[in-house]
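Enquirer: Heads up: the sequence lines are chains A and B, in that order.
By the count of the numbering used here, the first sequence reaches residue 297 at its end, each step adding exactly one.
By the count of the numbering used here, the second sequence reaches residue 1190 at its end, each step adding exactly one.
Read the hints as simulated data drawn from the structure, not as lab findings.
Please note: incorrect hints may appear among the correct ones.
Stated by the list, open to error - The calculated lysine to any residue pairs, modelled on SDA-like cross-linking and capped at a C-alpha distance of 25 angstroms, are:
{"no.": "1", "chain 1": "B", "residue 1": "Lys1032", "chain 2": "A", "residue 2": "Ala43"}
{"no.": "2", "chain 1": "B", "residue 1": "Lys1072", "chain 2": "A", "residue 2": "Asp38"}
{"no.": "3", "chain 1": "B", "residue 1": "Lys1072", "chain 2": "B", "residue 2": "Val1157"}
As the list claims (entries may be wrong) - Here are a few chain B residues that face chain A, going by a calculated C-beta distance under 7 angstroms:
{"no.": "4", "residue": "Arg1030"}
{"no.": "5", "residue": "Tyr1036"}
{"no.": "6", "residue": "Met1133"}
Don't be surprised by glycine CBs; every beta carbon is placed ideally from N, CA and C.
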Amino acid sequence: MALNERNVGNANGDAERDPRLDRLYHEAAREAPPAHLDARILAAARREAGARPRTLTSTLRRWHVPVSIAAVVILSVSLVILVREEGGEQIVPAPVPAVAPPVEQPGATGPQLALAEAAREATQPQAAAPASSRHGPRDDIKAPVVLGKLADSAQPQPGPPVVSGAGIVATPESAAKPLPQPFLAAPRVAEERAASSRTDAVTAGRMAGTPAASSELQGARSAADAPSAKAVPRAMAAKPPEQDRLPVWHGFEKEPPQKWLARIEELRRQGRAAEAEEMLSEFKRRFPQHPLPAGLR
Amino acid sequence: MTRSAESTDEELMLLYRDGDAGAFDALYARHKGGLYRYLMRQCRDKAAAEELFQDVWMNLIRARAGYSVQAKFTTYLYRLAHNRLIDHYRKNGHVATASFEEEDCAAIAELPDERERPQDETLDARRQAGRLMELIAGLPEAQREAFLLQQEGGMSVEEIAQATGVTRETAKSRLRYAMVKLRQGMLGWR
């Protein structure tokens, strides 16, 4: 029929929708599933989902990011506080040494030269002894250049003492052997080095900071404890050489308690609280029964 | 993602997949009527339609764990319904499957021209609706399905094509012929 052809032709355009038909259909189509079907399906859906896991997982998922961020912040703050506390202890300035150690002078100053001279004099008797008896198997080790320089700068007697120092520096096996006599010229310093690993850093700092003979001599002295001074961190090398300074009570060892107390009082008046405290501690250790003045308790 | 009245069907289904049973309640409330009527009109048997209706939702519930948003939710839902319906037809040896396998658009020429009906037959809305339902019931299965998917699922031609597994042109053709027949059938019923 002609009508049907026209209708099909119209359908090529906007024929997929007809507002009148839509309205009529939706007015007519109102059926709904029975309630028992709804209840059955919804119950099955709840059974399948399970209410408890949903609550748990959704809660966890919701708090996952905030809890993670909070944990990171807490850890970071704790770490910063911890590092600051520990670092604060480390960077507390050391008490000013009562007697400035000669080895801390930047150049080849008088005390250092005197020390070098003393070392050289002390080694001279050994130079006369046979090489085999002095150094044993180290005699075949070649002397490093640094000690050759030391020998030149300090005008030493040829041979053994300097070579001996070179052996100590150069060979790990020598680290276990006792230091030769010249390098024990300052026994207190040597003892402190043996007692503390921080001595290495101090020595390295000296080696880095002092020129010429004094530096090299000190390097040789510390070599027994420091196989490789270059490996010492720079920050540690910059630390003040607490081990080298004399104790604040140096010279008071045989003095009566009254003199100790007078010295402590004097230090306090001078504002040298740390030294006063250090001397007071030593006083208490030496004279535990001695009564303290009111100001010192 | 939280559930709200503005949540899309896809969001609700994802929430349900993740265990939110309340999301399924909202989803069911939105689509239960349309799906039920779609099945009722296609089956013409209330008991069978209810069984199919329950099966479709149960299939959806069982498949929730593997759900991902790849198409509009209605397309997904009515695709399940279409497949279940085809199974139902095959199981019962329903002759309607023929209309899904061969286009019957040529039959449009056999429709009576409703404009030839007397114009004085003014009908109330209820009778008009009844007439429309008769016309819908008289449509071939595939064309009726296309029309119902448009009306109940609010689907476009592309979505109808996806839901029924045919090309866009086929879906468009089915829908077009359905509309032409319905318009023709309603011409004298104003």
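Enquirer: Evaluate each hint against the coordinates.
Expert: Structure-based check of each hint:
1. Restraint check for Lys1032(B) and Ala43(A): the C-alpha separation of about 15 angstroms stays at or below 25 angstroms, so the hint holds.
2. For the proposed pair Lys1072(B) and Asp38(A), the alpha carbon gap of about 23 angstroms is at most 25 angstroms, so the pair holds.
3. For the hint linking Lys1072(B) to Val1157(B), the alpha-carbon distance of about 13 angstroms falls within 25 angstroms, and the restraint holds.
4. With 7 angstroms as the threshold, the beta carbon of Arg1030(B) stays out of range of chain A, its nearest partner Cβ sitting at about 13 angstroms, so the hint is violated.
5. Checking Tyr1036(B) against chain A: minimum C-beta separation of about 4 angstroms stays under 7 angstroms; hint holds.
6. Evaluation of the Met1133(B) hint against chain A yields a held restraint, the C-beta minimum of about 6 angstroms falling below 7 angstroms.
Figure legend: structure checked against the earlier numbered hints; the only hint not met is number 4.
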